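Please put together the full structure from these sequences, using the hints given.
Adding 2 to a residue's 1-based position in the sequence shown gives its number in the numbering used here.
Keep in mind that the hints were calculated from the coordinates and are not lab data. One or more hints might be untrue.
Claimed, not checked - Below, computed lysine to aspartate or glutamate pairings styled on EDC-like, alpha-carbon distance capped at 16 Å:
(1) Lys132 / Glu116
(2) Lys21 / Glu95
(3) Lys56 / Asp68
(4) Lys58 / Glu45
(5) Lys56 / Glu95
(6) Lys31 / Asp68
(7) Lys62 / Asp76
(8) Lys74 / Glu106
(9) Lys21 / Glu59
(10) Lys58 / Glu95
(11) Lys22 / Glu116
(12) Lys56 / Glu41
(13) Lys63 / Glu41
(14) Lys126 / Glu95
(15) Lys5 / Asp76
(16) Lys22 / Glu45
(17) Lys58 / Glu41
(18) Lys36 / Asp76
The structure presented is a predicted model; accordingly, all values stated were derived computationally and were not measured.
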Amino acid sequence: MPKPGGSVLITVGGDVMKKKIIPIARVLKSLGFKTYATEHLREAGFNSITVLHKVKEPEKKPNILDYLLNRKIDLVINIPLTNASNCPKDILEDEYTIRRLAVEFNIPVVTTLELASALVRVLKYRVKSKPVIRSLNEYMDSLPYKYW
Numbered sequence: 003m004p005k006p007g008g009s010v011l012i013t014v015g016g017d018v019m020k021k022k023i024i025p026i027a028r029v030l031k032s033l034g035f036k037t038y039a040t041e042h043l044r045e046a047g048f049n050s051i052t053v054l055h056k057v058k059e060p061e062k063k064p065n066i067l068d069y070l071l072n073r074k075i076d077l078v079i080n081i082p083l084t085n086a087s088n089c090p091k092d093i094l095e096d097e098y099t100i101r102r103l104a105v106e107f108n109i110p111v112v113t114t115l116e117l118a119s120a121l122v123r124v125l126k127y128r129v130k131s132k133p134v135i136r137s138l139n140e141y142m143d144s145l146p147y148k149y150w
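The following block contains the structure:
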């Protein structure tokens with residue numbers, strides 16, 4: 003689970019999805035996450051990001067690949083286009099490369115808007131309420147009734 007103060011890479015396909023991800027990106031920013039994205043998210047209306055260049059532009063810096071390889075990203079939100087048949091091949095390859103590298107480097111990957119929204123709710127709860135983390139044995143010992 004990424005901790006506030008970490009960094010998140012947000013890449014989403016399609017103009018509609020870019021508009022829908024902006025509220026989630028704003029909450030992540032308010033929780034203290036450093037947010038990275040391509041220039042397209044900035045064009046969609048979210049200006050509080052550090053722009054990273056696309057995977058297919060390795061000569062341009064800063065680049066998504068460099069940040070993933072150097073472990074500067076703690077969470078990847080990569081929501082692919084829903085209609086891949088109309089999508090250019092290079093975009094599909096970029097999306098795949100981002101997800102693949104994240105998995106190889108044990109970086110959590112979120113691939114749906116619903117999951118991103120749920121994750122943000124959990125992160126907000128953790129910051130607001132400071133829940134106590136206990137082992138299963140500690141939890142079971144605290145119950146009024148024992149079932150075994």
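Hint by hint, here is what the structure shows:
no. : hint            : verdict
1   : Lys132 / Glu116 : violated (24 Å)
2   : Lys21 / Glu95   : violated (23 Å)
3   : Lys56 / Asp68   : holds (10 Å)
4   : Lys58 / Glu45   : violated (19 Å)
5   : Lys56 / Glu95   : holds (11 Å)
6   : Lys31 / Asp68   : violated (22 Å)
7   : Lys62 / Asp76   : violated (22 Å)
8   : Lys74 / Glu106  : holds (14 Å)
9   : Lys21 / Glu59   : violated (24 Å)
10  : Lys58 / Glu95   : holds (9 Å)
11  : Lys22 / Glu116  : holds (11 Å)
12  : Lys56 / Glu41   : holds (9 Å)
13  : Lys63 / Glu41   : holds (13 Å)
14  : Lys126 / Glu95  : violated (33 Å)
15  : Lys5 / Asp76    : holds (8 Å)
16  : Lys22 / Glu45   : holds (14 Å)
17  : Lys58 / Glu41   : holds (14 Å)
18  : Lys36 / Asp76   : holds (10 Å)
In terms of the numbered hints stated before, the structure departs from hints 1, 2, 4, 6, 7, 9 and 14, listed from lowest to highest.
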